[in-house]
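Trainee: Required output: the full structure, derived from the provided sequences and hints.
Number of protein chains: 2
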Amino acid sequence: MSHYNNNLDKNNANYVPLTPITFLERTKDIYPNYEAIIYKNRTYTWREVYDRSIRFASSLEKNGIKPGDTVSIMAANTPELFEAHYSVPMTGAVLNTINTRLDTKTVAYILKHADTKALIVDRQFSPVVKKALDDLGRKILIIDIIDKQVDLKDTEKIGDFEYEDFLKKGDINYVWKRPKDEWQAISLNYTSGTTGNPKGVVYHHRGSYLMATGSAVAWNMPNRLNFLYTVPMFHCNGWCYPWTLAMLHARVICIRNIRAKEIFDLIDQHKITHFGGAPIILNMLASAPKDEQKELKHKVYVLTAAAPPPSIIFKKMKKLGFEVMHVYGLTETYGHILQCAWNNEWENLKEDEKADISARQGVRYPNTEDVQVMDPENMKKVPRDGKTIGEIMIRGNVVMKGYFKDKEATEKSMKGGWFHSGDLAVMHPDGYIQIKDRSKDIIISGGENISSIEIENTIAKHPSVSLAAVVAKPDEKWGETPCAFVELAPKQKSTEEEIIKFCRETLAGFKIPKKIVFGELPKTSTGKIKKFELRKKAKDIN
Amino acid sequence: MSHYNNNLDKNNANYVPLTPITFLERTKDIYPNYEAIIYKNRTYTWREVYDRSIRFASSLEKNGIKPGDTVSIMAANTPELFEAHYSVPMTGAVLNTINTRLDTKTVAYILKHADTKALIVDRQFSPVVKKALDDLGRKILIIDIIDKQVDLKDTEKIGDFEYEDFLKKGDINYVWKRPKDEWQAISLNYTSGTTGNPKGVVYHHRGSYLMATGSAVAWNMPNRLNFLYTVPMFHCNGWCYPWTLAMLHARVICIRNIRAKEIFDLIDQHKITHFGGAPIILNMLASAPKDEQKELKHKVYVLTAAAPPPSIIFKKMKKLGFEVMHVYGLTETYGHILQCAWNNEWENLKEDEKADISARQGVRYPNTEDVQVMDPENMKKVPRDGKTIGEIMIRGNVVMKGYFKDKEATEKSMKGGWFHSGDLAVMHPDGYIQIKDRSKDIIISGGENISSIEIENTIAKHPSVSLAAVVAKPDEKWGETPCAFVELAPKQKSTEEEIIKFCRETLAGFKIPKKIVFGELPKTSTGKIKKFELRKKAKDIN
Numbered sequence: 000m001s002h003y004n005n006n007l008d009k010n011n012a013n014y015v016p017l018t019p020i021t022f023l024e025r026t027k028d029i030y031p032n033y034e035a036i037i038y039k040n041r042t043y044t045w046r047e048v049y050d051r052s053i054r055f056a057s058s059l060e061k062n063g064i065k066p067g068d069t070v071s072i073m074a075a076n077t078p079e080l081f082e083a084h085y086s087v088p089m090t091g092a093v094l095n096t097i098n099t100r101l102d103t104k105t106v107a108y109i110l111k112h113a114d115t116k117a118l119i120v121d122r123q124f125s126p127v128v129k130k131a132l133d134d135l136g137r138k139i140l141i142i143d144i145i146d147k148q149v150d151l152k153d154t155e156k157i158g159d160f161e162y163e164d165f166l167k168k169g170d171i172n173y174v175w176k177r178p179k180d181e182w183q184a185i186s187l188n189y190t191s192g193t194t195g196n197p198k199g200v201v202y203h204h205r206g207s208y209l210m211a212t213g214s215a216v217a218w219n220m221p222n223r224l225n226f227l228y229t230v231p232m233f234h235c236n237g238w239c240y241p242w243t244l245a246m247l248h249a250r251v252i253c254i255r256n257i258r259a260k261e262i263f264d265l266i267d268q269h270k271i272t273h274f275g276g277a278p279i280i281l282n283m284l285a286s287a288p289k290d291e292q293k294e295l296k297h298k299v300y301v302l303t304a305a306a307p308p309p310s311i312i313f314k315k316m317k318k319l320g321f322e323v324m325h326v327y328g329l330t331e332t333y334g335h336i337l338q339c340a341w342n343n344e345w346e347n348l349k350e351d352e353k354a355d356i357s358a359r360q361g362v363r364y365p366n367t368e369d370v371q372v373m374d375p376e377n378m379k380k381v382p383r384d385g386k387t388i389g390e391i392m393i394r395g396n397v398v399m400k401g402y403f404k405d406k407e408a409t410e411k412s413m414k415g416g417w418f419h420s421g422d423l424a425v426m427h428p429d430g431y432i433q434i435k436d437r438s439k440d441i442i443i444s445g446g447e448n449i450s451s452i453e454i455e456n457t458i459a460k461h462p463s464v465s466l467a468a469v470v471a472k473p474d475e476k477w478g479e480t481p482c483a484f485v486e487l488a489p490k491q492k493s494t495e496e497e498i499i500k501f502c503r504e505t506l507a508g509f510k511i512p513k514k515i516v517f518g519e520l521p522k523t524s525t526g527k528i529k530k531f532e533l534r535k536k537a538k539d540i541n
Numbered sequence: 000m001s002h003y004n005n006n007l008d009k010n011n012a013n014y015v016p017l018t019p020i021t022f023l024e025r026t027k028d029i030y031p032n033y034e035a036i037i038y039k040n041r042t043y044t045w046r047e048v049y050d051r052s053i054r055f056a057s058s059l060e061k062n063g064i065k066p067g068d069t070v071s072i073m074a075a076n077t078p079e080l081f082e083a084h085y086s087v088p089m090t091g092a093v094l095n096t097i098n099t100r101l102d103t104k105t106v107a108y109i110l111k112h113a114d115t116k117a118l119i120v121d122r123q124f125s126p127v128v129k130k131a132l133d134d135l136g137r138k139i140l141i142i143d144i145i146d147k148q149v150d151l152k153d154t155e156k157i158g159d160f161e162y163e164d165f166l167k168k169g170d171i172n173y174v175w176k177r178p179k180d181e182w183q184a185i186s187l188n189y190t191s192g193t194t195g196n197p198k199g200v201v202y203h204h205r206g207s208y209l210m211a212t213g214s215a216v217a218w219n220m221p222n223r224l225n226f227l228y229t230v231p232m233f234h235c236n237g238w239c240y241p242w243t244l245a246m247l248h249a250r251v252i253c254i255r256n257i258r259a260k261e262i263f264d265l266i267d268q269h270k271i272t273h274f275g276g277a278p279i280i281l282n283m284l285a286s287a288p289k290d291e292q293k294e295l296k297h298k299v300y301v302l303t304a305a306a307p308p309p310s311i312i313f314k315k316m317k318k319l320g321f322e323v324m325h326v327y328g329l330t331e332t333y334g335h336i337l338q339c340a341w342n343n344e345w346e347n348l349k350e351d352e353k354a355d356i357s358a359r360q361g362v363r364y365p366n367t368e369d370v371q372v373m374d375p376e377n378m379k380k381v382p383r384d385g386k387t388i389g390e391i392m393i394r395g396n397v398v399m400k401g402y403f404k405d406k407e408a409t410e411k412s413m414k415g416g417w418f419h420s421g422d423l424a425v426m427h428p429d430g431y432i433q434i435k436d437r438s439k440d441i442i443i444s445g446g447e448n449i450s451s452i453e454i455e456n457t458i459a460k461h462p463s464v465s466l467a468a469v470v471a472k473p474d475e476k477w478g479e480t481p482c483a484f485v486e487l488a489p490k491q492k493s494t495e496e497e498i499i500k501f502c503r504e505t506l507a508g509f510k511i512p513k514k515i516v517f518g519e520l521p522k523t524s525t526g527k528i529k530k531f532e533l534r535k536k537a538k539d540i541n
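Chains A and B, in that order, are what the protein sequence lines are.
The first sequence begins at 0 in numbering that gives the first Met the number 0 and counts up by one.
The second sequence begins at 0 in numbering that gives the first Met the number 0 and counts up by one.
Hints are not guaranteed to be accurate.
[What the hints assert, rightly or not] Partial chain A-side listing against chain B, Cβ under 8 Å, derived:
id: 1; residue: Thr42
id: 2; residue: Tyr43
id: 3; residue: Ala184
id: 4; residue: Glu368
id: 5; residue: Arg394
id: 6; residue: Met399
id: 7; residue: Phe403
id: 8; residue: Lys406
Treat the hints as calculated values from the structure; they're not laboratory data.
Glycine included, C-beta positions come from ideal geometry on N, C-alpha and C.
Mentor: Following this line, the structure appears as structure tokens:
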């Protein structure tokens, strides 16, 4: 009988439930006067961010918010949204960030499903919210954010309070509520869901804490980095970085509207060292007119995620001097859990090979216990051959608690003790994972599985092409055939024949699109291409 | 009723007990061929470190080691000791590192108290161990480490196996045992205890994991740093860095004997960026003859801990180009939990003021939830005045499980929900903690508390002095008076009168030592000054 289990129990001295709120508290204690958040002409120190969050939390509680309540927020990447990541959980309540591009119906659905007790809303979005509140049919506490940078002439006051007034009513000596259990919910994130109602992904304090520590190591983020907040904080809590950045006492530069010129200007002005963005953003930067670009005077590290990026993007960004790392994750995993970690052994490869390698989703984050590619039928790992397709399965402390009020979907998603990502991928011999498709995006032609992504990557390498999306088109003979939708780069021209010929140079015959359609691609609120719309279109094309 | 507690439970997909073993597994998967450990002419890659640990674990299990057993190791900072931090917990057993400078009696006590089932021992220490085993009076599994760098002519084989042979018998496909509960013990560290029997401090997997992530942020350690392992790994598991360094896929350079010349040579040869050492080591480096020193070609970051360092050390090291951060911790807290984090607002202070500020113990680590200075009688915080003395009290997940088989001491040490450090300190207005003394080292003269450290720091500033220790000397009139023991720097001379005069320039009259004694200071196996011996001496001096 081992003595290690005797009289060595948890007590208040040696066990404290993990919560990322402590990162802000510590940074406020150590670096109170350091710049924390900069947004246009507004600058807050870490003490101010803490004090404002404490006051706001106190005011929420005074207005009836209790532990376990949901507080929603629909806001752009302004200081208020950063602060809400602290103020709301400080009361024991759960933060629900709402995508600012959603329509009235979906917003109403979320407010209802989330049991929202209070809503913080940027005035710019009040028209949508006002209608959603009518749909909701019950009175909730509304707090208005007034951003003086925004033209508000078509908006109206819908709040009971303005953010700054509400905050001022709070008590600066409010004692924030530590979670009694680190499994306690901290946030609720609705998936963008290309079909059906969005699902509410619940994060807990433990996972948010571990996401912060793991992300810092994965991306080698130093203390006091200059971070440009291009990634929407409403998306996976902005990759959980409001917590990571406080831990690292970073300088956080907010940006409301994503424009190439403004990004280049801010990088220059604030010596930005790190930012993130979907491939579509990187594409925008790389393709921006020369007079909007600014030469980089220092190293800038970029994370890209959200869609499998064409490898050409890595080449283009590298040419501008950016160091891009490709990462992969889902709302259900607090953000990223795979990273295409660079290995020095690849230094001598050709530039094209390097770009191809960088486009892989990669290997697990330090906070992620296991990621495998498995056959979902028998839960067996696929061979490491870079060919056999299986589903990405994830296990670890940065997998969600589950879907809010949806027992069935929760159980289905974590069947067999693994989270089922729904993404189809291969495992390369070196252990790096590469996505081939979403389960529903795979094209089955004459019994062969075709990865739409492989074709997309090929087309994207064509010098005239900016973006490509490939979907299945029903076909009498083959069952399905690939159909490509192509967005050309500014001032570029091309033809169907030219693109098909270009594909033929590298792709197997059965993978070559039978049809090429030019035009702007439809995108979701988070920048993902709406393949379901393209599938509908493809059906109707002759 | 909140829905956040319904159907959102832990399962195998979203909850995995934390263990630092996963850091090695991940680094092996991603950077298998990167250099991991370098010791003289031996170099192991991360895959080799993993494989060797797995094999060793397998062999331990084949030889009867079970979860909850204790495996002890008495070794220098060689690759074997690093590997033991993985191989032993991989079997579910608990690693007990033994200080290599201990005497037979204490080693026997530890082996007995720890219920040691197996002992790994470097051949250099076999004479002491052999006698200790005779005392122990029961047969345990012994594995010999043969270090070819060491002259072994006065040693004999005492093991059942040699380390490398034992390892080779292990199965490379062994599946290591994840802890079922992150509260499970991972290591057992006996305090050096200046009086009485040493106490066995028990660490768990959770704390070791959080020590790794927190340490990296606290010291701003980047991925792939070049770390020189000067700190004994038998001490607080080498500050838990075997786990931190695997997480960061560092290059770890081992060093067996601490000599100034070898340290300077290794810094140069391996481009060392980080190392740690007690003030006594830094003093050795700073005072080394010019022909043993080498000019630094790059930035070298140094952590110092273990004893309150005289501020003059910071000045000396800075002059050589080292960037020193002062940290504080105890065996009971997995290593450091306070750091003297630098604040840019101090840039314009004078060099002396900067050095004084750097000598403070500082503010809490990111993984440490709360550290306060309190009156242990009523558990009230002392005012932040830099004057009122209280005891340092600690709370967080990096406080030990407790003392092994010592319920009473465990309960006493964590009374009132705080770990009682036994160190007396003040809290400065900026929230930085500064140690004034160990409870038992404070000198009470004429009813006034005198900090022995304040006097030591003063004397250490004298150009001829290398090291100073001040203890209480019984005194008929005053109760106690300060008595100073002084070690002079090489080739330096001084007199009692000169030192006393030097003290008078800055110290209050009642703090000036009544007696100065020159000579080498007695030190414990971890480099702490044996004040109890000095106290005895002081008593007998006229």
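Trainee: Hint by hint, which ones does the structure fall short of?
Mentor: 1, 2
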